[in-house]
Amino acid sequence: MPAASTPAAPTPRAALVLLAAGEGRRSGHATNKVLLPLAGRRVFTWSIRWARLLPMFVETVVVVREGDQEQVEAICRREVEGPVRLVVGGASRHESEWAALQALAPAIAAGDLDVVAIHDAARPLASSDVFATVTEQALTHGGAIPVADQRSLAPREPTEVLADRLVAVQTPQAFRAGPLLGAYAAAHADGFVGTDTASCMERYTDLPVRCVPGDATNVKITFPEDLFLAERLLEKVDYDLSGGRTPPHGRRLPHLPTLRRARGEGTR
Amino acid sequence: MSDAIAELLCEHCDDVTDHELRYAGRLLEHVECTRCGRRTEVSGRALLPAYVADLEQRVASKPRRMLRRAADDPVGYAMSLPAALARQPVKFAREFWAVLKR
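Sequence order for the protein chains is A and B.
Residue 261 in full-length UniProt numbering is what sits at position 261 of the first sequence, and the numbering runs on without skipping anything.
Residue 24 in full-length UniProt numbering is what sits at position 24 of the second sequence, and the numbering runs on without skipping anything.
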């Protein structure tokens, strides 16, 4: 008797939370750095593009500064295909994450989301691969964060704890949706403010947070030089961090700014 | 050239300060801290070929980008087109001049 075929596992459903509110200070006439042009697009839309090539991302929430909504909406209409929800963030990263999770709470409670990936909008070079890895690891283990070795750094103060590896934690950081919402609700009730998503999860849940290999090119736009570096790194990979993925439902990639493709020479 | 003012961390001031950014087309040409004047820029020798290559791509991809915008919002696009066309000669003249004088 032939073995009954096993039904294919349903595709996990994930939400992308993009933190684009920045931190604190604003001089009045300055542009939020994530809204700056970078190689033909705005800084923050690059990572939305790479994440949404993965069919598992069914929801996107962009956390913006008060006053940036109109500009972000206009940019999203121009550069992002499909719906994006805007949420006004708080004064800290933690408050912004909490605002986004509250917006996602009904979907999480209804069981419509399995994983939430939280990403810093100032990291435009996070590839589709890193989004896929953290999301899959989070689904399996509970949480996942990308880390990159910092071999050239040493502690400033003498310490008894000698770590054999000093790593820099990057984003996207992904977690199972239910426990993540629960952790942030508990943190809100306690008045706890975490430094990053993983710190809140570690405090309020027992779920392991796995470290996955990050990428040295997943730079965060902080210094002026980072903008030049990001521009060059994008050029070096032909403006393509998709890992060979194509958009779901056969949609075409908008604004693919590659000279080689324009000339019909293919990609590297 | 287009300009923007953005908050970035200045290594010299050791603080988040306003920076003036200037672009040559889509490429960043220089960034300058408005507090201490520290400037980071692409050399003229590197900027010109990069600008020409980028310009070539902008021209090649323009029809596709125009079609997409027209499909997204036909009325709004049709209404904005005359003004956008009128701006192009001045825009490109300013870009060329700024790149060539480096």
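Treat the hints as calculated values from the structure; they're not laboratory data.
Since the model is a prediction, treat every value here as computed from it, not as a measurement.
Don't be surprised by glycine CBs; every beta carbon is placed ideally from N, CA and C.
Incorrect hints may have been included.
To be verified - A short, non-exhaustive set of chain A residues, derived as facing chain B with CB atoms under 10 Å:
{"hint": "1", "residue": "Thr31"}
{"hint": "2", "residue": "Asn32"}
{"hint": "3", "residue": "Leu35"}
{"hint": "4", "residue": "Ala39"}
{"hint": "5", "residue": "Ile75"}
{"hint": "6", "residue": "Asp206"}
{"hint": "7", "residue": "Arg210"}
{"hint": "8", "residue": "Phe228"}
Said to hold, decoys possible - Over the 10 Å line for every Cβ pair with chain A, so calculated as not near, a few chain B residues:
{"hint": "9", "residue": "Ala4"}
{"hint": "10", "residue": "Ala6"}
{"hint": "11", "residue": "Leu9"}
{"hint": "12", "residue": "Arg26"}
{"hint": "13", "residue": "Leu27"}
{"hint": "14", "residue": "Leu48"}
{"hint": "15", "residue": "Arg69"}
{"hint": "16", "residue": "Ala70"}
{"hint": "17", "residue": "Pro82"}
{"hint": "18", "residue": "Lys91"}
{"hint": "19", "residue": "Ala93"}
{"hint": "20", "residue": "Trp97"}
{"hint": "21", "residue": "Ala98"}
Tested hints:
1. Among the interface hints, the one on A:Thr31 holds; its C-beta lies about 5 Å from the nearest C-beta in chain B, closer than the 10 Å criterion.
2. The restraint placing A:Asn32 at the interface with chain B holds, with a minimum CB-CB distance near 7 Å, inside the 10 Å limit.
3. Annotation: interface hint on A:Leu35 holds; nearest CB of chain B at approximately 8 Å, less than 10 Å.
4. A distance limit of 10 Å between C-beta atoms decides the matter here; for A:Ala39 the minimum to chain B is near 6 Å, and the interface restraint holds.
5. A hinted interface residue such as A:Ile75 counts as satisfied when its beta carbon comes closer than 10 Å to some beta carbon of chain B; here the least separation is about 13 Å, so the hint is violated.
6. Checking A:Asp206 against chain B by beta carbon gives a least distance of about 37 Å; that is not within 10 Å, so the hint is violated.
7. For A:Arg210, the interface hint is violated, since its Cβ never comes within 10 Å of a Cβ in chain B; the closest pair sits about 30 Å apart.
8. Look at A:Phe228: its Cβ gets to within about 6 Å of chain B, closer than 10 Å, so that hint holds up.
9. Look at B:Ala4: its CB is around 5 Å from the nearest CB on chain A, not clear of 10 Å, so calling it non-interface is violated.
10. Its closest Cβ contact with chain A, about 5 Å, brings B:Ala6 to no more than 10 Å, contrary to its assignment away from the interface.
11. Consistency note on B:Leu9: stated as away from chain A, yet its beta-carbon is not over 10 Å from all of that chain's, at 5 Å minimum.
12. In this structure B:Arg26 is not separated from chain A by more than 10 Å, as the shortest Cβ-Cβ distance comes to only about 5 Å.
13. Against the 10 Å criterion, B:Leu27 falls within the reach of chain A, whose nearest CB is about 7 Å from its own CB.
14. Listed as a non-interface residue, B:Leu48 keeps its Cβ farther than 10 Å from every Cβ of chain A; the least gap is roughly 15 Å.
15. The claim that B:Arg69 lies off the interface is violated: its Cβ sits roughly 7 Å from the closest Cβ of chain A, which falls inside the 10 Å cut-off.
16. The non-interface label for B:Ala70 is consistent with chain A: the shortest C-beta to C-beta separation is roughly 13 Å, beyond 10 Å.
17. In this structure B:Pro82 is separated from chain A by more than 10 Å, as the shortest Cβ-Cβ distance comes to about 19 Å.
18. In this structure B:Lys91 is separated from chain A by more than 10 Å, as the shortest Cβ-Cβ distance comes to about 14 Å.
19. B:Ala93, annotated as away from the interface, keeps every beta carbon of chain A farther than 10 Å; the closest lies near 20 Å.
20. Remark: the non-interface label on B:Trp97 is consistent with the geometry, its nearest Cβ contact in chain A lying 20 Å away (cut-off 10 Å).
21. Against the 10 Å criterion, B:Ala98 stays outside the reach of chain A, whose nearest CB is about 16 Å from its own CB.
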